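S.K.: Here's the letter readout for the chains.
2 protein chains.
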Amino acid sequence: MARPTPLSGFPEWLPEGRLVEQHVLDVLRRTFELHGFAGIETRAVEPLDQLLRKGETSKEVYVLRRLQEDPDEAATRGHRETERGLGLHFDLTVPFARYVLENAGHLAFPFRRYQIQKVWRGERPQDGRFREFVQADIDVVGAGTLPYHYEVELPLVMAEALGALREIGVPPVRILVNNRKVAEGFYRGLGLTDVEAVLRNIDKLDKIGADAVAALLVAEAGATEEQARACLALAAISGSDESVVERVRELAGESNDLLDEGLAELGALIRAASVRAPGVVVADLKIARGLDYYTGSVYETVLVGHEQLGSICSGGRYDTLASDGANTYPGVGLSIGVSRLVSRLLSKGLVTTTRSVPSAVLVAVSNEDDRGRSDAVAAALRARGIPVEVAPSAAKFGKQIRHADRRGIPFVWFVGDDESGADQVKDIRSGEQVDAEASTWTPVEADLWPRVVPA
Amino acid sequence: MARPTPLSGFPEWLPEGRLVEQHVLDVLRRTFELHGFAGIETRAVEPLDQLLRKGETSKEVYVLRRLQEDPDEAATRGHRETERGLGLHFDLTVPFARYVLENAGHLAFPFRRYQIQKVWRGERPQDGRFREFVQADIDVVGAGTLPYHYEVELPLVMAEALGALREIGVPPVRILVNNRKVAEGFYRGLGLTDVEAVLRNIDKLDKIGADAVAALLVAEAGATEEQARACLALAAISGSDESVVERVRELAGESNDLLDEGLAELGALIRAASVRAPGVVVADLKIARGLDYYTGSVYETVLVGHEQLGSICSGGRYDTLASDGANTYPGVGLSIGVSRLVSRLLSKGLVTTTRSVPSAVLVAVSNEDDRGRSDAVAAALRARGIPVEVAPSAAKFGKQIRHADRRGIPFVWFVGDDESGADQVKDIRSGEQVDAEASTWTPVEADLWPRVVPA
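Residue numbers (the UniProt record's numbering), protein chains in the order written: chain V, 1 to 455; chain W, 1 to 455.
Just so you know, not all the hints are guaranteed correct.
Remember, identical chains collapse to one label, so a pair may be satisfied in a single copy or spanning two.
Below, computed lysine to any residue pairings styled on SDA-like, alpha-carbon distance capped at 25 Å [unchecked claim]:
hint: 1; residue 1: K118; residue 2: E261
hint: 2; residue 1: K118; residue 2: R18
hint: 3; residue 1: K399; residue 2: T328
hint: 4; residue 1: K204; residue 2: R188
hint: 5; residue 1: K348; residue 2: R166
Think of the hints as simulated: they come from the structure by calculation, not from any bench. All values derive from a computational prediction rather than experimental measurement.
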């Protein structure tokens with residue numbers, strides 16, 4: 001086999017990079033669990049017809065087939081799912097909605113869950129855009145109804161989770177929020193009825209600029225030049241205090257129920273956020289979100305100083321994503337693009353690790369016949385929670401120390417005998433070597449496990 | 001959307017089941033890290049030609065295609081990998097071998113890694129056999145050479161990892177070991193040269209019985225009736241002390257270098273295991289393993305009392321799996337079938353959890369205007385590491401307590417005010433209710449997080 005090369009869009013990390021990713025995942029998981037979210041995983045595949053319910057994502061789906069399908073099985077299969085084939089999920093929201101419907105009888109609502117898994121999209125790979133990547137989602141789903149306060153709570157949980165990563169060198173985040181009711185109420189108040197077309201084009205603002213969007217609003221959303229300019233004026237409003245609400249009201253002139261409801265919600269979110277996560281949440285009326293299933297709050301999140309990377313945590317309120325006809329399960333959720341975040345941390349050198357292997361100690365081996373004594377020391381240290389490995393060979397001690405050094409292991413342990421006396425442990429960074437017993441010696445806390453720290 | 005139904009072979013767990021799986025994964029990860037294994041993940045896909053290097057697995061591979069492939073991209077793609085397509089990995093060994101070759105310049109050898117990921121096989125689903133399942137692997141890979149002692153170490157790490165699960169109700173395990181050199185030396189000593197054919201048929205012993213295997217050895221491996229019986233006699237040898245070595249020698253009669261080397265290795269493994277994991281490791285000369293890349297020790301593991309489930313942890317020594325022509329990276333590793341294990345724990349009711357949600361406390365809400373005060377209590381408790389959620393609505397307290405009860409949350413917190421006095425916390429199991437402060441109150445350790453315990 002020739003030396004293989006990486007596959008574009010399918011990121012993999014060296015052990016050090018994986019330590020960073022694992023630390024990020026551990027911090028997210030702990031934050032989510034502190035907030036009472038239960039972890040679930042769903043299978044990687046969904047029936048293709050479910051994945052394709054939203055036409056716009058169809059081009060991104062990876063379809064599966066078995067290389068050699070068993071003809072017996074093909075002949076006897078009767079499930080709708082298998083008839084239409086399977087695809088890899090492209091997000092965790094669609095599978096979660098299906099999971100809720102499938103297991104509704106076994107879940108207590110409102111159901112709070114987090115889910116951390118890989119997803120796949122057959123998109124053209126770019127900086128921060130992958131074909132395989134990890135998402136970390138939280139959602140709350142109600143049975144029939146879901147109070148608005150969850151639309152306030154969930155972005156604040158994400159603010160806390162991302163904030164907990166500040167100490168390893170993750171830049172601060174800014175969570176941009178908007179409300180579909182505000183946008184829709186405003187557009188309808190203007191006399192525009194094709195709300196989806198307006199949102200779809202407003203969503204292009206950062207990419208193509210205001211003039212091009214105005215032209216598209218006229219061409220595709222049935223807007224007059226004046227209506228288009230009003231839509232752009234709305235999109236230009238942003239701020240982190242409730243004055244935003246007043247500015248929208250002024251711009252709108254005449255009000256309507258939907259606009260009022262949306263502004264009341266947006267105001268409540270801004271108010272709560274200013275207390276619970278000061279400076280993090282900003283109302284930004286240009287946030288549209290591509291997905292048409294959002295019905296209330298929508299969220300996007302940028303890393304301050306890395307705005308070009310795009311959103312690293314997005315989501316919103318949805319009312320009809322999960323419905324089996326008889327019952328509807330409205331929800332609100334956000335999804336962190338973990339791979340996008342981690343790849344930025346690594347590529348810009350924002351974070352580093354104190355070492356790339358778990359071991360704090362390498363137990364030296366003086367000769368192969370005595371390996372069992374080194375193994376016993378290692379077992380004694382591990383029993384007290386100290387990560388340890390034993391030297392690969394009974395090479396000269398200098399070589400064994402170099403082996404530890406190459407791997408970043410801070411301590412080398414020498415097993416004593418009748419001749420050499422007590423066991424000794426050497427800090428190979430300082431060169432300090434002291435007598436030690438495997439039943440009592442402990443490294444300082446900072447050396448016990450590899451740590452992820454700001455670079 | 002109609003109520004969806006499960007997909008055969010793609011297991012999913014309810015939150016309680018996921019807690020069990022997550023606990024198993026946490027225990028495995030901790031054990032692996034205590035032994036100095038660094039965690040990595042590889043992408044889920046590999047170039048199809050790599051996955052199909054072993055013809056026997058080809059029928060199991062899921063092939064990917066993008067639903068709407070971009071014609072431009074199809075026209076310009078030049079990589080061998082994309083030309084031949086991508087498939088989902090069916091194990092973690094083949095991707096790891098590729099990862100080692102790809103990153104050899106950045107790794108320190110011997111490289112110790114663990115890897116916990118899903119894999120996919122398009123097999124017919126059965127009890128304990130899935131199309132999507134989680135594997136937890138450890139491997140040590142050397143550059144050029146790899147000392148035998150790793151073949152002793154790795155099954156003992158797995159013995160420790162699986163042993164650490166005893167306390168949640170996982171049955172004891174028995175690790176069955178054999179050595180390809182013993183088998184091959186023995187067969188060659190008999191005059192049999194098609195060693196692969198012998199191993200392939202011996203591997204069927206448990207399924208089809210000794211007489212049928214004898215017939216196959218004659219028909220397919222060129223054995224005489226007598227040679228076939230000798231192969232079966234070897235396969236019948238097992239035991240957990242070194243007498244096994246003597247019994248093989250007696251049966252073999254004349255010796256040869258390969259047999260001697262294999263028996264020395266097998267003896268060393270049994271000897272070390274009897275000290276470090278007494279009663280767990282058993283030499284079993286019928287263990288053949290289907291994969292032809294093994295060259296030394298081979299391992300299978302059964303759950304005692306659940307032998308019919310098949311092996312839950314298998315592996316072996318391989319010498320040529322990873323080679324780029326110039327360099328070879330021999331390795332030894334084992335893989336735990338986590339989904340097989342967890343599904344057995346759940347289906348047989350061997351383990352349970354103290355609750356299905358993380359929250360130890362539900363903070364009640366007396367009216368929606370006061371939700372902010374409940375949020376503040378929740379934040380104070382979380383800041384001290386206590387998992388908390390706030391009631392979904394300001395319903396009557398009885399209803400809020402029932403909500404906690406349905407979710408298994410042991411404590412309900414009532415926020416005091418000028419009228420009602422101090423905050424109080426109620427243990428809804430005992431009904432005991434006491435004054436409490438969010439800055440100091442802590443549940444007993446057993447109630448802090450959901451625990452996974454024997455059923």
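S.K.: The structure should be examined with respect to each hint, and the outcome stated for every one.
M.R.: A quick look at each hint next to the structure:
Taking identical chains as interchangeable, the C-alpha atoms of K118 and E261 are never at most 25 Å apart, the minima being 37 Å within one chain and 45 Å between chains. Proximity of K118 to R18 under the C-alpha cut-off of 25 Å is found in both arrangements, the shortest distances being 14 Å within a copy and 17 Å between copies. In this homomeric assembly, K399 and T328 come within 25 Å of each other (Cα to Cα) only across copies, at 22 Å, whereas the closest approach inside a single copy is 66 Å. With identical chains, the CA atoms of K204 and R188 are at most 25 Å apart within one copy only, with a shortest distance of 20 Å there and 72 Å across copies.
For the homomeric pair K348 and R166, the shortest alpha-carbon distance inside one copy (15 Å) is at most 25 Å, but the shortest distance between copies (44 Å) is not.
Of the hints listed earlier, the one the structure fails to meet is number 1.
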